[in-house]
Amino acid sequence: MTDKSKFHKVKILDAPTRPLAMGRGTIFGCVDPDVGAQNVDVHVNVIKPGASRGEIHYHAKAENVYIVMDGQLEVCIEGGHRHVLDIGEVGFIPPGVIHTATNARSDIACKIIEVYAPAGKDFHEVEDWPEGIQPPDPP
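Residues 1 to 139, numbered by the working numbering, are exactly what the sequence shown covers, in order.
By construction, these hints were calculated from the structure, which means they are not laboratory data. All the given hints hold, so there is nothing to weed out.
The calculated lysine to any residue pairs, modelled on SDA-like cross-linking and capped at a C-alpha distance of 20 Å, are:
no. : residue 1 : residue 2
1   : Lys111    : Val44
2   : Lys48     : Asp107
3   : Lys48     : Gln72
4   : Lys121    : Arg18
5   : Lys48     : Ile27
Quick caveat: nothing in here was measured; it's all calculated off a predicted structure.
Turn these sequences into a full structure, and let the hints guide you.
Right, here's the structure in full:
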């Protein structure tokens, strides 16, 4: 028997879920403060085909990593820079960088592993759209 304070294992499809904002898909929470993680948050996002962009936001202290497992992820960052990540590619966003992300394809779901470090609530929505980033499409 494993001591849960020393090791946590979860099957992604059995992980607790919650909806992505605006009904864009599902978040599978794998490692977070609920399981004792203090310095990292790992979850899998499944973004529906053709989903609108997520909220434009930044993380004041958290570093953000996207790892694409299936489909393509479009990441837009402040200054109007658009990046498309393919299967097997990794994107990194430092703290303080305003960004948004969505499924770049309309025919298949985009599945990503998303990592925040440090863990905890650090999501700051931006009300005024920076140059080059348009507001998310309505749901």
